[in-house]
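Mind assembling these two chains? They're in different frames, but the hints should get you there.
Protein chains in written order, with UniProt numbering: chain A, 1 to 236; chain B, 1 to 339.
Quick caveat, the hints were computed from the structure, so don't treat them as lab data. Since the structure is predicted, the reported quantities are computational estimates derived from the model, not experimental observations. Hints are not guaranteed to be accurate.
[What the hints assert, rightly or not] In silico DSSO-like cross-links for lysine-lysine, where the CA-CA straight-line distance does not exceed 27 Å:
1. 79(A) - 7(A)
2. 183(A) - 79(A)
3. 128(A) - 318(B)
4. 132(A) - 174(A)
5. 316(B) - 127(A)
6. 127(A) - 174(A)
7. 318(B) - 132(A)
8. 128(A) - 113(A)
9. 165(A) - 229(A)
10. 181(A) - 165(A)
11. 113(A) - 132(A)
12. 316(B) - 132(A)
13. 165(A) - 128(A)
14. 321(B) - 131(A)
15. 321(B) - 132(A)
16. 165(A) - 183(A)
17. 318(B) - 127(A)
18. 131(A) - 113(A)
19. 111(B) - 71(A)
20. 79(A) - 113(A)
21. 65(A) - 185(A)
22. 127(A) - 321(B)
23. 318(B) - 131(A)
24. 231(A) - 165(A)
25. 111(B) - 79(A)
26. 316(B) - 131(A)
27. 316(B) - 128(A)
28. 79(A) - 113(B)
29. 113(A) - 181(A)
30. 229(A) - 183(A)
31. 71(A) - 113(B)
32. 183(A) - 65(A)
33. 128(A) - 321(B)
34. 131(A) - 174(A)
35. 185(A) - 127(A)
[What the hints assert, rightly or not] Covered stretches of chain B (in silico footprint by chain A; criterion: 3 or more residues with CB under 8 Å from a CB of chain A, positions within the stretch not fixed):
36. 177 to 191
37. 205 to 217
Quick reminder that beta carbons are idealized off the backbone N, C-alpha and C, glycines included.
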Amino acid sequence: MENTLLKLEQINTHIEQFHILHNIDFEVQPGEVTVLLGRNGAGKTTTLRTIMGLNSATNGTVQFKGEDITKLPPYHIAKRGIGYVPEDQGIFYDLSVGENMRVGMRQEDDATKERMDWVLDLFPDLKKFWKKPGGQLSGGQKQMLSIARSYVNDNDLLLIDEPSKGLAPVVVEKVIESIEKMKEKTTVVLVEQNFYMASRLGDRFYILDDGITVHHGDMEQLREDEELKRKYLGIA
Amino acid sequence: MIKKIQRSTWIYLAVAFLLVLLPFFKDERWFLFLMIQVFTFGIFAMSYDLLLGYTGIISFGHAMFFGIGAYSVGIILDRMEASYTSLLIGILVAALLGGLVSFIAGILTLKLKNHFYAMLTLALASMFLFIAEKWRSVTHGSDGFTFRLPELPGPLEDHRNITIYMFCLVMMVLIFFGLRRLTESPLGKILVAIRENEGRVESLGFRIMPYKVIISVISGVVASFAGVLYAISIRFVGTNVFAIDVTLDALLMTIIGGVGTLVGPIIGAGIIEFAHHYLSSLADVHWIFERWIILFGIVYILAVIFFPAGIVGTIKAKLHKRKHRKIEAKQQNADKMAS
Ligand SMILES: Nc1ncnc2c1ncn2[C@@H]1O[C@H](COP(=O)(O)OP(=O)(O)OP(=O)(O)O)[C@@H](O)[C@H]1O
Ligand SMILES: [Mg+2]
Chain A
1 MENTLLKLEQ
11 INTHIEQFHI
21 LHNIDFEVQP
31 GEVTVLLGRN
41 GAGKTTTLRT
51 IMGLNSATNG
61 TVQFKGEDIT
71 KLPPYHIAKR
81 GIGYVPEDQG
91 IFYDLSVGEN
101 MRVGMRQEDD
111 ATKERMDWVL
121 DLFPDLKKFW
131 KKPGGQLSGG
141 QKQMLSIARS
151 YVNDNDLLLI
161 DEPSKGLAPV
171 VVEKVIESIE
181 KMKEKTTVVL
191 VEQNFYMASR
201 LGDRFYILDD
211 GITVHHGDME
221 QLREDEELKR
231 KYLGIA
Chain B
1 MIKKIQRSTW
11 IYLAVAFLLV
21 LLPFFKDERW
31 FLFLMIQVFT
41 FGIFAMSYDL
51 LLGYTGIISF
61 GHAMFFGIGA
71 YSVGIILDRM
81 EASYTSLLIG
91 ILVAALLGGL
101 VSFIAGILTL
111 KLKNHFYAML
121 TLALASMFLF
131 IAEKWRSVTH
141 GSDGFTFRLP
151 ELPGPLEDHR
161 NITIYMFCLV
171 MMVLIFFGLR
181 RLTESPLGKI
191 LVAIRENEGR
201 VESLGFRIMP
211 YKVIISVISG
221 VVASFAGVLY
231 AISIRFVGTN
241 VFAIDVTLDA
251 LLMTIIGGVG
261 TLVGPIIGAG
271 IIEFAHHYLS
281 SLADVHWIFE
291 RWIILFGIVY
301 ILAVIFFPAG
311 IVGTIKAKLH
321 KRKHRKIEAK
331 QQNADKMAS
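For reference, chain B alone in the conformation it holds in the complex (with noise of 0.2 Å):
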């Protein structure tokens, strides 16, 4: 077990140092930010596999911590000077915000079924892009505002982008261990034995609501982490971060990366921003292709056809049964030999 653990932590750290190595060969802007893009969502995803893989929490309003952590961020330092007090504050008050309003939500609501988690956040998410369009004096209403970032210390500000893109890498590595760590806690064991079957761990003497809520907690503080990154890379931030296409993105990321993997949904990240990019070409073929919400549709049903498990469900499937087959046949070796 050690030794597994073990060695699939030097491929992934062996990964991130080839991302830490990528912008020294590869700099131009579009691509730096298209990267950006996948550790910010990469992040987001995780935390949405945190929910949906994990526990089998179904959110059809993730979006919303999303948006309360690039909001959080975006005014405190569009209102406040743009220093890195500001900016602290603002990433504690995306946390505290995105930490509050999941636990409300799941003391509403996970002790009921499922689906009643997923309609009241889907819910929030429409009021909180309400509140974002409506309240101009503060979020500047559905045109969105810039904002000011702390300026870099010397060499660094000549290198603005280079420097988000390590910057965001390095939280995405930390948050992947980190949330991999707690995964093979015995806490994460109880959040998979509950998404298997409640009643069955309530009878082993567990209650459950308790951990829904810890994880719903966990979930959408790391999301609002996400946001923050977000409007931070983007130096804006508009009412587009509550819509429902930045969930189903989520959703597609997390399922077609592998359900329950927390890789997985970086890897899908990965696909989704590059796919959003390339594809969008396609709308000059044939403007049905303008709506990513088709291509979504579109993506999403080959997922399910080709990688049932997703990509890192699919390959951890396949190295199972070939390390069981040596297993067994080690078994009837030794069985053979006894006899």
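Bound-form chain A, shown alone (with noise of 0.2 Å):
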């Protein structure tokens, strides 16, 4: 397809001597919410950050919008467009939450405060904390900062990392109306454990393991298919 927004190809990423990324193959068409499955240590989090610059791929290209960005550093991928939410939500601790926001403005035009207003009221619980620091707030306000903070830049693709990772069902639910909510204006790259997540929001799925990306298709098709889902994601 030509107006792919994002496409891996070939890509094989070690770190340090060990081998991890073989031949990644991976597309991603605007508008749509790609989902990342798989079991743990199969290489999910590490496509994401090759994807990001924060690993170099050995080999292959990444094409985000038709440009090369493979030996690009994070800082250029990030301005392309790309936003990051990691594993670990990459909250500043030191800072506010209103400081954490603010931080990754790269820009103070109306359209981004535009974005700002928006997200603030898909999240009211940010403003109530404005002033409380990062490291002060419970795992899911982490967690929503995080998503609240990658969507405040311009971005065309938002990659997020396991968001339901240690959440409370509610919680959880939460999560996914907000990702709801923003899959309407932005395309993302979610990758996620949790199933009923992951089949809730996503349009397309891929699975990884061992670093070798076994299937991937519509959604739909996942959803029926339970011999894969018993396979590869332990869903009986």
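And the structure:
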């Protein structure tokens, strides 16, 4: 497809001497939520970090909006319009919620302010804790702050790593609802082990296993394929 | 937020005002001299805190900037006539050299892991110490040299020590407010973020290196100015300004007072300078106390045990907790009312 937003071709990534990703092919279509599934240690986080330039690919290419970004440093990749919500949320503990939001702002134009207002309506809790240090937030609050922050910049693509991790079911529901709303405005790559969440949000899926893409297709397909779910996701 | 800033500003100004009055009540030479040391080292320690506390950069050779400042102003006043023009040139040269050296050190190493900066500054400091010892025709070698200061106008000349006291105090206060402003600006927040997690800041779209170099340069210039004040206050420059002890003092002052607080290092400077003064008499008790470095070790260990966040850090944490307990209580009340 020619308007593919993000395209990984034959990506190989090493961390030190370990060969983690093997010939990963991965495509993201604009306006969709693409879910990356797979068991612990499958290489999901490494894939996102490779896209972000935080791990460098030893082989293969990453294209974003038609441009080769494989060798760019992370700050250039971010400026091209990719927002990253890491697994550990990446909240700055010594900065307040407000400062965490603002430190990520690359511009201060009207559009940014508009997005800021929108996202604060989506997560009203953040307004309540505006002056609280990031380190004192609960896990769920940190997650929301991290997601909200990635949305403030004019990004075309958000990479979100396991937002449901360690959260109570009610909070997971809240995170799902917020990503559902953001999905109308931006494209999302979602790493998720929680199949319920993945299936609620996903349009397309990829399954990674041992650093290899073993399956991909429409989410619809995966919902019905009990065999696949059992084999790679451990869902009976 | 604005209210809080104003309140702390009033407190700082009140303390500064008391310090202005102090010499009118206690004007012994040794005391004024000690306070001047507190002010100059307070400035120096703040410049160290800018690196360590706000950006997470470790320097083992910060004394180098102190020494550059002291030697710049000393040599120029030694070689040129003791006029205000010379003094001004000395200060400018000190700032320029301090900025230049820190810029070069920053460019060379700040792209790499933090300890490269620490090692390079250490090496550079040893190099400057070597030059100060060997380039005798200019630096008078390890004997050091005294120099003359320009005459002060009329009555001020009669109270030279008080005048220098006031000048250093005003400089410390101005630099403190300037740096506080810097650390509270968006730039300052990015620095704190860099200290916490560089990769995260980069993936938000910021290049780290320029921020680190900028802060290294600001810190170098401020430290060099502290060296200028130090040299002026004792009208003497010797190789000891490049010694590792100077760096260790700044480190200790920052840690005792509170890393990343700016006002902490000033308090730390007060404690260390007075401790220096009073504890040196312990040398009569036992020879082991002749070495400041041993006391340094003891004070350091005590500080880390009893004030892991430094004096100011500990106080701040306490205040913070109280404030949040209040906010949370309010919140709970509101929730109760609602339900
Ligand atoms: N810094 C590192 N050094 C060495 N090996 C690493 C490092 N980081 C990750 N790995 C290895 O890379 C593999 C993939 O890790 P990755 O974090 O990408 O998995 P994941 O799919 O995100 O797992 P999880 O679901 O547990 O988050 C794992 O086998 C892991 O041990
Ligand atoms: Mg992971």
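Hint-by-hint comparison with the structure:
Among the hinted pairs, residue 79(A) with residue 7(A) is consistent with the structure: their alpha-carbon atoms are about 18 Å apart, no more than 27 Å. Of the pairs offered as hints, the one joining residue 183(A) and residue 79(A) holds, with about 20 Å between alpha carbons and a cut-off of 27 Å not exceeded. Restraint check for residue 128(A) and residue 318(B): satisfied, since their Cα atoms lie roughly 22 Å apart, inside the 27 Å limit. At most 27 Å may separate the alpha-carbon atoms for a hinted pair to count; residue 132(A) and residue 174(A) meet this at roughly 21 Å.
Note on residue 316(B) and residue 127(A): the hinted pairing holds, with a Cα-Cα distance of about 23 Å set against a maximum of 27 Å. With a C-alpha separation of about 16 Å, the suggested pairing of residue 127(A) with residue 174(A) holds against the 27 Å cut-off. Straight-line distance between C-alpha atoms of residue 318(B) and residue 132(A) comes to about 15 Å, which keeps the hinted pair within the 27 Å bound. At roughly 18 Å between alpha-carbon atoms, residue 128(A) and residue 113(A) fall within 27 Å of each other, so this suggested pair holds.
Distance check on the hinted pair: residue 165(A) and residue 229(A) sit about 19 Å apart at the alpha-carbon level, within 27 Å; holds. In summary, the hint linking residue 181(A) to residue 165(A) is supported, as the alpha carbons are separated by about 20 Å, within the 27 Å threshold. Only pairs whose Cα atoms come within 27 Å are accepted, and residue 113(A) paired with residue 132(A) is accepted, the gap being roughly 21 Å. Taking the CA atoms of residue 316(B) and residue 132(A), the gap is near 14 Å; set against the 27 Å cutoff, the hint holds.
With a C-alpha separation of about 23 Å, the suggested pair residue 165(A) and residue 128(A) falls inside the 27 Å cut-off, and the hint holds. Our distance criterion of 27 Å between C-alpha atoms is met by residue 321(B) and residue 131(A), whose separation comes to about 13 Å. For the suggested pair residue 321(B) and residue 132(A), the alpha carbons sit about 11 Å apart, so the restraint of at most 27 Å is met. A C-alpha spacing of about 20 Å is found between residue 165(A) and residue 183(A), which places the hinted pair at or below 27 Å, so the restraint holds.
This hinted pair checks out: residue 318(B) and residue 127(A) have alpha carbons roughly 24 Å apart, not beyond 27 Å. For the hint linking residue 131(A) to residue 113(A), the alpha-carbon distance of about 19 Å falls within 27 Å, and the restraint holds. Only pairs whose Cα atoms come within 27 Å are accepted, and residue 111(B) paired with residue 71(A) is accepted, the gap being roughly 17 Å. For a cut-off of 27 Å, the pair hint linking residue 79(A) to residue 113(A) stands: about 18 Å separates their Cα positions.
Taking the CA atoms of residue 65(A) and residue 185(A), the gap is near 17 Å; set against the 27 Å cutoff, the hint holds. The suggested pairing of residue 127(A) with residue 321(B) holds, with an alpha-carbon distance near 20 Å, which does not exceed 27 Å. Among the hinted pairs, residue 318(B) with residue 131(A) is consistent with the structure: their alpha-carbon atoms are about 16 Å apart, no more than 27 Å. Of the supplied pair hints, the one linking residue 231(A) and residue 165(A) holds, its CA atoms being roughly 22 Å apart against a limit of 27 Å.
The straight-line distance between the Cα atoms of residue 111(B) and residue 79(A) is roughly 20 Å, inside the 27 Å bound, and the hint therefore holds. With a C-alpha separation of about 15 Å, the suggested pairing of residue 316(B) with residue 131(A) holds against the 27 Å cut-off. Between residue 316(B) and residue 128(A), the direct Cα distance comes to roughly 22 Å. Compliance with the 27 Å bound is thereby established for this hinted pair. Using a Cα cut-off of 27 Å, the hinted pair residue 79(A) and residue 113(B) holds, with the two alpha carbons roughly 24 Å apart.
For the given pair, residue 113(A) sits about 18 Å from residue 181(A) by alpha-carbon distance, which is consistent with the 27 Å threshold. Proximity of residue 229(A) to residue 183(A) is assessed by CA-CA distance (about 25 Å); at most 27 Å being required, the pair is judged to hold. The suggested pairing of residue 71(A) with residue 113(B) holds, with an alpha-carbon distance near 20 Å, which does not exceed 27 Å. Straight-line distance between C-alpha atoms of residue 183(A) and residue 65(A) comes to about 18 Å, which keeps the hinted pair within the 27 Å bound.
A hinted pair counts as satisfied when its Cα atoms are at most 27 Å apart, and residue 128(A) with residue 321(B) qualifies at roughly 17 Å. With a C-alpha separation of about 22 Å, the suggested pairing of residue 131(A) with residue 174(A) holds against the 27 Å cut-off. A hinted pair counts as satisfied when its Cα atoms are at most 27 Å apart, and residue 185(A) with residue 127(A) qualifies at roughly 22 Å. For the stretch 177 to 191 of chain B, the assignment as covered by chain A holds, since 3 residues bring a beta-carbon within under 8 Å of that chain's beta-carbons and 3 suffice.
By the rule of at least three residues with a Cβ nearer than 8 Å to a Cβ of chain A, the coverage given for the stretch 205 to 217 of chain B holds, with 4 such residues.
The structure fails none of the hints (numbered hints given earlier).
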